[in-house]
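Counting in UniProt numbering, the final residue of the sequence shown is number 435, and the numbers go up one at a time with none missing.
Honestly, the hints are just simulated from the structure, not real lab data. Just to be clear, a hint being listed does not mean it is correct.
[As the list claims (entries may be wrong)] In silico lysine-lysine, DSBU-like type, Cα no more than 35 Å apart, as pairs:
hint: 1; residue 1: Lys253; residue 2: Lys201
hint: 2; residue 1: Lys111; residue 2: Lys239
hint: 3; residue 1: Lys363; residue 2: Lys399
hint: 4; residue 1: Lys399; residue 2: Lys354
[As the list claims (entries may be wrong)] With beta-carbon atoms standing in for the labels, derived distance ranges:
hint: 5; residue 1: Glu258; residue 2: Glu4; range: 40 to 50 Å
hint: 6; residue 1: Glu183; residue 2: Trp227; range: 38 to 48 Å
hint: 7; residue 1: Lys34; residue 2: Gly184; range: 22 to 32 Å
hint: 8; residue 1: Arg313; residue 2: Glu361; range: 22 to 32 Å
hint: 9; residue 1: Leu156; residue 2: Ala77; range: 43 to 53 Å
hint: 10; residue 1: Glu361; residue 2: Lys334; range: 20 to 30 Å
hint: 11; residue 1: Lys21; residue 2: Gly376; range: 54 to 64 Å
hint: 12; residue 1: Arg113; residue 2: Gly376; range: 30 to 40 Å
hint: 13; residue 1: Gly160; residue 2: Gly184; range: 46 to 56 Å
hint: 14; residue 1: Glu183; residue 2: Gly312; range: 38 to 48 Å
hint: 15; residue 1: Ser120; residue 2: Ala77; range: 44 to 54 Å
hint: 16; residue 1: Asp50; residue 2: Gly160; range: 20 to 30 Å
C-beta atoms are modelled at their ideal positions from N, C-alpha and C, and glycine is treated no differently.
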Amino acid sequence: MTRELFVYIDGRKIGILDEVKGSLRFRYEDSYRKDPSAIPLSPWIPLRSDETVGTHVQNYFENLLPEGDLRDLISKAIQVSKENVFGFLEHFGGDMAGNLSILLPGEQPGKRRYLPIPRSLILEWSENDSGKPLVLQARDSRLLISGAQDKISLYLDAAGEFYLPVGDAPSTHILKPDIRYREGVIHSSLNEAFVMNLAGKIGMDVPRTEYIPEIRSVLVKRYDRTWPEDPNGPIGRLKQEDLCQLSDVLSNKKYEAEGGLTLFQCFGLVRKHSTQPGPDTIRLIGWLAFNGAVGNMDGHAKNLSILTEKDGRVRLAPFYDLMSTNVYPALSRKMAFKIGGENRPDWLTNRHWKRFSEEMEIKSSLVFRTIENVIGKIQKEIPSVKEGLEKLALSDSEKTFLDQLAHHIGKSATRAHRLQINPKNGEDMVGDVGT
């Protein structure tokens with residue numbers, strides 16, 4: 001007998017996912033496919049009467065799963081091969097990235113049930129010596145979040161209390177505890193909170209992010225959710241696809257160095273799918289400049305998504321997973337993307353940005369105005385962001401790390417400004433090229 005999973009959008013069944021001869025197959029419900037307002041899951045899974053089988057379906061749904069070591073841990077715990085996308089989705093998928101829910105036959109959508117979860121229990125889960133991922137400790141839920149870092153989806157009520165979504169109940173926030181079991185990496189949650197708040201302070205589009213010292217975790221408000229005017233009304237979901245999904249590749253192609261997406265491809269995808277390609281192109285340039293200046297070497301293709309708003313606008317999603325990775329000496333010193341052929345931030349100069357502008361067919365004057373604006377604001381806003389976090393009940397270790405992080409990013413941004421913008425460094429002067 002064929003095993004099936006039902007795919008829903010906002011409680012409406014839109015299709016069926018199953019396996020045929022080892023390949024994933026997806027077919028739309030006729031009622032959804034014929035609806036004039038229907039939107040396909042992906043450009044690679046179009047609305048049509050027959051099914052889509054194989055690579056396109058595999059690539060789309062695989063990108064919804066956890067990645068790397070985290071997937072390995074979950075795989076061993078549930079005794080499902082890490083390559084078995086369908087098997088993972090049978091265990092998880094009630095609350096996912098974007099607007100989808102994936103339920104087992106017989107499960108009823110739309111019940112919106114939540115279980116209270118005390119912060120002390122979250123701390124206990126995150127510091128469990130077994131190293132068991134949070135999604136496995138939340139046994140009453142079917143949560144699933146892509147990415148390589150351990151995290152959990154939660155519902156946060158008006159009083160600031162946490163709840164665990166059950167079934168397909170939508171979460172409102174993502175909570176990430178400190179990274180553990182990676183040599184030399186400390187206070188990762190405080191790091192992310194600092195860098196995300198710094199990004200917001202300089203005007204970048206990022207979700208609200210706060211550090212919660214009592215559970216040593218960072219809490220991020222979901223941007224792929226909508227909030228009703230009536231506080232008792234239902235939470236809505238927004239469609240999103242990351243750039244690996246949009247380019248029809250697996251999640252292991254998120255790094256350029258591993259044969260994955262290049263910046264040229266990423267800019268092309270944003271221009272193709274966004275209904276506001278000009279502003280989104282500028283935002284993407286700013287993201288690159290910010291990553292280089294703060295030392296975020298892990299800004300890869302799965303950290304970029306396209307979001308469909310309620311009014312139908314399609315745009316580059318808010319930026320997420322921002323932190324300074326090169327504050328940790330054990331981690332890579334190379335950026336996930338090459339800018340004008342260079343991926344070492346200490347070697348990145350205005351010559352590389354000029355080459356980048358030519359490759360992307362963007363006026364170099366626009367590129368340099370954007371990066372100068374970003375880097376200059378970073379230098380200015382570091383003290384105020386640090387001061388805001390210092391008001392929290394931080395431990396001595398956290399205070400020391402925060403001092404080190406702020407100093408490191410300040411030094412990195414100063415160097416970036418000198419090498420990438422100031423023509424006195426001996427590099428080519430800035431001029432207009434491209435269109």
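Hints versus structure:
1. Distance restraint check for Lys253 and Lys201: the Cα-Cα separation of roughly 32 Å lies within the 35 Å cut-off, and the hinted pair is therefore satisfied.
2. Only pairs whose Cα atoms come within 35 Å are accepted, and Lys111 paired with Lys239 is accepted, the gap being roughly 20 Å.
3. Restraint check for Lys363 and Lys399: the C-alpha separation of about 43 Å exceeds 35 Å, so the hint is violated.
4. A hinted pair counts as satisfied when its Cα atoms are at most 35 Å apart, and Lys399 with Lys354 does not qualify at roughly 39 Å.
5. Checked against the hint of 40 to 50 Å, the C-beta distance between Glu258 and Glu4 comes to roughly 34 Å, which is inconsistent with it.
6. For Glu183 and Trp227, the hinted distance range of 38 to 48 Å is satisfied, since their beta carbons lie about 40 Å from each other.
7. At about 56 Å, the beta-carbon gap between Lys34 and Gly184 misses the expected band of 22 to 32 Å.
8. A beta carbon spacing of about 24 Å between Arg313 and Glu361 agrees with the range 22 to 32 Å that was offered as a hint.
9. At about 27 Å, the beta-carbon gap between Leu156 and Ala77 misses the expected band of 43 to 53 Å.
10. In this structure the supplied range 20 to 30 Å holds for Glu361 paired with Lys334, their Cβ-Cβ distance being about 25 Å.
11. The hint said 54 to 64 Å for the Cβ distance between Lys21 and Gly376, and at roughly 57 Å that hint holds.
12. Between Arg113 and Gly376 the beta carbon distance is about 49 Å. The supplied range of 30 to 40 Å is therefore violated.
13. Taken as a hint, the range 46 to 56 Å is violated for the pair Gly160 and Gly184, whose Cβ atoms sit roughly 33 Å apart.
14. A hinted range of 38 to 48 Å for the beta carbons of Glu183 and Gly312 is consistent with their spacing of about 47 Å.
15. Between Ser120 and Ala77 the CB atoms are about 23 Å apart, so this pair departs from the stated range of 44 to 54 Å.
16. For Asp50 and Gly160, the Cβ-Cβ distance of about 49 Å falls outside the hinted range of 20 to 30 Å, so the restraint is violated.
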